[in-house]
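Turn these sequences into a full structure, and let the hints guide you.
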Amino acid sequence: MFIRSERLFLRPGWPEDWEELLSLIGDEKVVRHLANVPWPYTAHDARAFIALPHDRLLPRFFITQPGASGARLVGGVGLHSGLETADGAPELGYWIARDLWGRGYASEAGRAVLSLARTLGYERIVATHFIDNPASGRVLEKIGFRHTGRLVERFSKSRGAKFPAREYERRLGHCDSDDDGGLMRSRRAA
69 MFIRSERLFL RPGWPEDWEE LLSLIGDEKV VRHLANVPWP YTAHDARAFI
119 ALPHDRLLPR FFITQPGASG ARLVGGVGLH SGLETADGAP ELGYWIARDL
169 WGRGYASEAG RAVLSLARTL GYERIVATHF IDNPASGRVL EKIGFRHTGR
219 LVERFSKSRG AKFPAREYER RLGHCDSDDD GGLMRSRRAA
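Per this note's numbering, numbering through the sequence shown is continuous, rising by one, with the last residue being 258.
Hints may contain errors.
Stated by the list, open to error - Here are the simulated lysine-lysine pairs, DSS-like style, with alpha carbons at most 30 Å apart:
no.	residue 1	residue 2
1	Lys210	Lys225
2	Lys230	Lys210
3	Lys97	Lys225
4	Lys230	Lys97
5	Lys97	Lys210
Hints in this document: simulated from the structure, not taken from any laboratory.
The structure is reproduced here in structure tokens:
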């Protein structure tokens, strides 16, 4: 499965991507904000992540930026079953290489995945961010997530302990909804 947005191309990981993945996510300042990524991140971890089976209902993508000399890896985004929710809502997760923070790539990729989630029939998506990463909360709010008012304890593989995280949710209404968090703009631009 592939998704094209205004500036980005989202695609599955391929075995030959492991070295580029390792060079970008093998950064403690990136990994410490992620719940399911160990530190230190190794070549074995990169190869194992790429080899994970794909689930069409919980898609995950590498975020790439096409250019004249090919498409460079920017980060990752996808849906997974991280949080235990009563309705089984999937969780949105993402990361961006540190030297590319602040360029809107997480928001753009997040919107694209939310549009796909709506197409897959999901009515609600959840997300969290560790409290020491408020920039991630701003990304979530920018794409239409609302803070639930709850703090949850999330285990962080890189920190080796539970750490407080803010919980968010995004309700996915009909395609003609005015409260789409920019999804329709993303679709029109694609």
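Here is how each hint holds up against the structure:
1. Lys210 x Lys225: 27 Å, holds
2. Lys230 x Lys210: 27 Å, holds
3. Lys97 x Lys225: OK: Lys97 and Lys225 at ~14 Å, within 30 Å.
4. Lys230 x Lys97: 17 Å, holds
5. Lys97 x Lys210: 22 Å, holds
Checked against the numbered hints above, the structure breaks none of them.
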